[in-house]
Amino acid sequence: MSKDETLGEALRRQGISRRGFLKFCAATASMMALPPGMVPVIAAALEKAMRPSVIWLSFQECTGCTESLTRSHSPTVEGLIFDVISLDYHHTLQAASGSAAEAARETAMKENYGKYILIVDGSIPTANPGYSTIAGISNVDMLMEVAKGAAAVVSVGSCAAFGGIPHASPNPTGAVSVSDLVKDKPIVNVPGCPPIPVVITGVLAHFLTFGTIPELDALGRPMAYYGQSIHDRCYRRPFYDKGLFANTFDDEGAKKGWCLYKLGCKGPTTYNACATTKWNDGTSFPIEAGHPCLGCSEPDFWDGGGFYKAISTPTADIMQAATYAIGAGAVAGVALGVANRVKHKKAVGEHVKTTIDDLEKGN
Amino acid sequence: MTEVTNDAEFRKALDSLDATRQRLVAARFVENVVALCSDKRIARVIQVASDSEAGEEELAEALKAARATTFDCHTRCGSEGDWSEQAGYFVARAATAALTPMAQMPSGPAWQAALSSRMAQTSRSIVTGDDTSGQEVIQQYRILSEFLDS
Amino acid sequence: MSNASLERGIHAFKEVIDAPVASFFSSCVRCGLCAHACLFYTETGDPKYTPIHKLEPLRRIWQQEYSFWGRFAKALGLSKPVTDDLLTEWETLVYDSCTMCGRCSMICPVGNDIAYMIRKIREGMAAAGHAPPGLIGATQRAVTIGSPMGVKLPALQAQIRHTEQETGLTIPVDVEGVEYLLLLSSMEIMNFPEFIAAIAKIFKHAGVSWTISSEAFEATNSGIQIGVSEIAAELVERIVAAAEKLKVKGVISPECGHAYMAIRWEGPNLIGRPFNFKVVHILELLDELREQGRLKTTSKETQRLTYHDPCQISRRGGVVKQPRNLLNMVAEDFVEMPETGTMNWCCGAGGGVSSNERADELRLKVFNRKKQQLDAIRPDAIVSACSNCRIHLEDGLEEYNMDMPVLSLTETIAEHLAGSDQTGSKQS
Amino acid sequence: MSETEFLLWVRGPALQGATIIFLLGVVVRILEILVLGRKPNLAEARGSAVAGGLRTIISRSFADRGTLQRTAFTEITGWIFHIGFFVTLFLFAPHILLFEEVLGVSWPALPTTIIDVTTIITIIALLAVLIHRIGNRVMRFLSRFQDYLVWLVTILPMLTGYIAFHRVGLSPNMLIAIHILSVELLMVVFPFTKLMHAFTLFMSRYYNGAIAGYRGVNS
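Chains as they are written, first to last, in the working numbering: chain A, 1 to 363; chain B, 1001 to 1150; chain C, 2001 to 2428; chain D, 3001 to 3219.
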């Protein structure tokens, strides 16, 4: 693979036909919610695009995001993309190790300074830099160093995007997200635990095509993928609207595929493309598999009051509070009532007789 | 010469009268007690009632005046009663009865006028303490007897 | 020397507040519906006549004395006090523009019995020296003379003599051991003595033994109108004493609205013990006689008649069916007003308003409500069973140029008694 | 405090606090009234006080024809917003779930489209009620600060609920948190205001009906 090769050349070298290429472009356009008229533009742009250099940093993470990307079915769009990018550093995937690996990173940074894309998965510990280091370099230091020369940063997975599970209460490592640390670079958050692979490739395709990052929502997520809630696109939504719910995982409702809201589904408050793109080559997604959405692409999903508790339910013991309140109310009410009664009795007892001589205004 | 001596005869005689004659005799009953009413309107009302030629419109006008006088003279609930004023109220009621069409007064206008006139006399007697209501009855018998003979 | 004072008024407010009052004030949502049940509002359009608003002084005392947060607010000095000026302002609202007809109590969506509370607020108003002069006079006469209109025994005796002459019947006075003691209102003695004659004829016809007491003939009770329970109790005690002395089985309340309320419903509560005799309204008794077949009538009135329900007798008293049964006996063409029975509109003069000259103009103005009701059915005559309603109806009809006699139901029945020669006279 | 933490606080401690103030206040106020008591009626009864009281509890929900004609606007808007409020409160699935969680009992929900339409109608009715309160001379005359406050805390849950359902403006978690908070505001204000009528009207209607029923009158 030559570094000067364009994307078009690289694809043709791998035996991808013009038709296959256009198909990929059309799929990319559709993923990015662009009109069909944009397909030739995308094709032209990708044809000429230089294979970008990508540096992938993994911090406090579980490798689930990488697993998700690499467990893609072949031939896939994402596979193609990964074949055509220049993944210059990725500790799980690269062959080099130790000082050779770090040298590769430094080289890539130097050669593509200001142009490379930084992909991050995992959160960054801040309580103590020693909690997570690579080649003796703390995560914070490495992130800040690499981010400095990046054209854009893509935070893959909820940990990089929002702090994720390491950030979950009580957050012993002081984990933070990329955007908590990097303030001067365009950052695209691709949350999910793990995120949908096609979303990552879509973001990269957008960057390659337009040289910019896609339109983002308030949480830095690409609108094209995170513009609608799971709930709004869920095939079980009609059951919700009709008020038909599964009450347990094995009841009649569950068997009939009714809405999982009562089982704690976070679909209504979760924005992601699971319900439309689905997983494993469009096979299924959690709700289709009979499990409520955990809301993994939303900040602090781990601390949302329980995966199996509906969002409208209390997170504290209300019955106990109610019992105490009624008890205390009964005691206080009777006490105040008796005080009222005593006052009333006293008033009646101290009644002063009104005679006919007392009717006219006194003084 | 007719002589009425009790209420049974008195009423029977009244009932036998036609509407105009009932009105005329009633007017005489009222006239007999009119001194008890301080309201000047009543004198005029009696004048109309006593006129055998009085037109319907004139009579209706007089009835209205009699009614108005009645409402002006009655004692309102809870206010201090004055029996001499109350006598005037009954005179006005008698005048009203005298002018009320027979259809609206099944017991007879003249009979009602006679009763209210007696009440006026009773009211007066409450003030003075001497019971003269019996005399009023006798006078009414005399008035009727004279009327029937005239 | 009067002892009336703001302190005594406030003290009385504290005395009269009970669980229903506390509940009513807690429930009011200020929806304003009660205004539309009150003729003082509907005929003037002035929102100050909204029934619940007339209770503001009492509401403040409830809030400040009997609700925990109100007490708290009072301690912090956040609540509006009840002042003499406030009571001065409210005096006309409480006495001149409320007849305690209780129509608002029938429509309040949260169920507030506003008339119940007006009755109570008047206790405090009276104790604070804020009763209207007219009612004070009536009350003083009721206590000292025995009648709010100053009717003394000789006057009654003269009327009895007159009635005996007219009917040829004996009017029993102070007869022991009879069935019923008949009470009379001063209004009947003064303005409508024919009521006594009607009763005499009917009771003769139906074979009812009865008497009038020379010691307690007065049915009315200014005490419940002005709002002084001990005066009301004193007046009730006179009747109870007479009834017990004459050993009657029952006491008859005559054609008077508040008299029935006073003796039938408030009476035992005022004196603090149940009666050992029954209290019936004359219409109740007449209907009972009708049911027993003891009351028979012959001819019928051909005029188109309607019945005006006196508020204290129907809505507040529960005598609703009886007058209808009786009217159907003697009327060929009995027609109801659009809103009738327990939903009837007050004439505008009850609850002491008629004794209160200050309210004269207002009560005639609000009579327009009754006019509208009558205009809807255009009867030839109105029948009622309360002398006060009757006088005010006559006044109002005159004011509005309506030509329509107002009749007493009892008297109307008497005129149609079967087998009556109507003159009934034997003596000369 | 992050949005999630805010939502958790609203669903947890804040809800506990609001529940305590609400129930404590309501129980105190009801007992305060009941314990005050009333005198027994010594007059001979013509009808049953209990039957009259129970009857009026139901019957007072429906106005007589004359009143209905005179006050149609108040009656109709009143009915609509009360029914709308209770339908959305008790028949929306997420709400039922809350009651189930706390009380252990559940009941069927209404379809969300019906809830949605009901909410809009209720909000319109409440707006009409406010306009009426300001525009109608009697209501304006009677109204004090509390009446407007109560209106506000009543419409807020409806509005925030509607917005949260349709997820407009803020993040869904934030919208839900605000919605729950608005309900908690309603609960906290409840015992200190005329909102108490929701409970005391049963007592008031009973007393009214009992007073009348004792005299043989259906009130």
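There's no promise every hint is true.
To be verified - Partner residues aside, some chain B positions facing chain C, computed with beta carbon under 8 Å:
| id | residue |
| --- | --- |
| 1 | Arg1021 |
| 2 | Ala1068 |
| 3 | Gly1081 |
| 4 | Trp1083 |
| 5 | Met1102 |
| 6 | Pro1106 |
| 7 | Thr1122 |
| 8 | Asp1131 |
| 9 | Gln1135 |
| 10 | Val1137 |
| 11 | Gln1139 |
| 12 | Ile1143 |
| 13 | Ser1145 |
| 14 | Phe1147 |
Claimed, not checked - In silico lysine-lysine, DSS-like type, Cα no more than 30 Å apart, as pairs:
| id | chain 1 | residue 1 | chain 2 | residue 2 |
| --- | --- | --- | --- | --- |
| 15 | A | Lys346 | D | Lys3039 |
| 16 | A | Lys345 | C | Lys2296 |
| 17 | A | Lys242 | A | Lys185 |
Said to hold, decoys possible - Far from chain C by the CB rule (all over 12 Å, computed), these chain B residues:
| id | residue |
| --- | --- |
| 18 | Thr1002 |
| 19 | Asp1007 |
| 20 | Leu1024 |
| 21 | Ser1050 |
| 22 | Ala1054 |
| 23 | Glu1056 |
| 24 | Glu1057 |
| 25 | Glu1058 |
| 26 | Ala1060 |
| 27 | Asp1072 |
| 28 | Thr1075 |
| 29 | Arg1076 |
| 30 | Gln1104 |
| 31 | Val1127 |
| 32 | Glu1136 |
| 33 | Leu1148 |
Hints are computed from structural coordinates only; laboratory data are not their basis. Ideal Cβ placement from N, Cα and C applies to all residues, glycine included.
Each hint tested on the structure:
no.: 1; hint: Arg1021; result: 19 Å, violated
no.: 2; hint: Ala1068; result: 6 Å, holds
no.: 3; hint: Gly1081; result: 4 Å, holds
no.: 4; hint: Trp1083; result: 7 Å, holds
no.: 5; hint: Met1102; result: 13 Å, violated
no.: 6; hint: Pro1106; result: 7 Å, holds
no.: 7; hint: Thr1122; result: 4 Å, holds
no.: 8; hint: Asp1131; result: 7 Å, holds
no.: 9; hint: Gln1135; result: 12 Å, violated
no.: 10; hint: Val1137; result: 7 Å, holds
no.: 11; hint: Gln1139; result: 13 Å, violated
no.: 12; hint: Ile1143; result: 15 Å, violated
no.: 13; hint: Ser1145; result: 13 Å, violated
no.: 14; hint: Phe1147; result: 18 Å, violated
no.: 15; hint: A:Lys346 to D:Lys3039; result: 15 Å, holds
no.: 16; hint: A:Lys345 to C:Lys2296; result: 53 Å, violated
no.: 17; hint: A:Lys242 to A:Lys185; result: 46 Å, violated
no.: 18; hint: Thr1002; result: 15 Å, holds
no.: 19; hint: Asp1007; result: 3 Å, violated
no.: 20; hint: Leu1024; result: 21 Å, holds
no.: 21; hint: Ser1050; result: 23 Å, holds
no.: 22; hint: Ala1054; result: 19 Å, holds
no.: 23; hint: Glu1056; result: 14 Å, holds
no.: 24; hint: Glu1057; result: 14 Å, holds
no.: 25; hint: Glu1058; result: 16 Å, holds
no.: 26; hint: Ala1060; result: 9 Å, violated
no.: 27; hint: Asp1072; result: 9 Å, violated
no.: 28; hint: Thr1075; result: 5 Å, violated
no.: 29; hint: Arg1076; result: 5 Å, violated
no.: 30; hint: Gln1104; result: 7 Å, violated
no.: 31; hint: Val1127; result: 9 Å, violated
no.: 32; hint: Glu1136; result: 10 Å, violated
no.: 33; hint: Leu1148; result: 17 Å, holds
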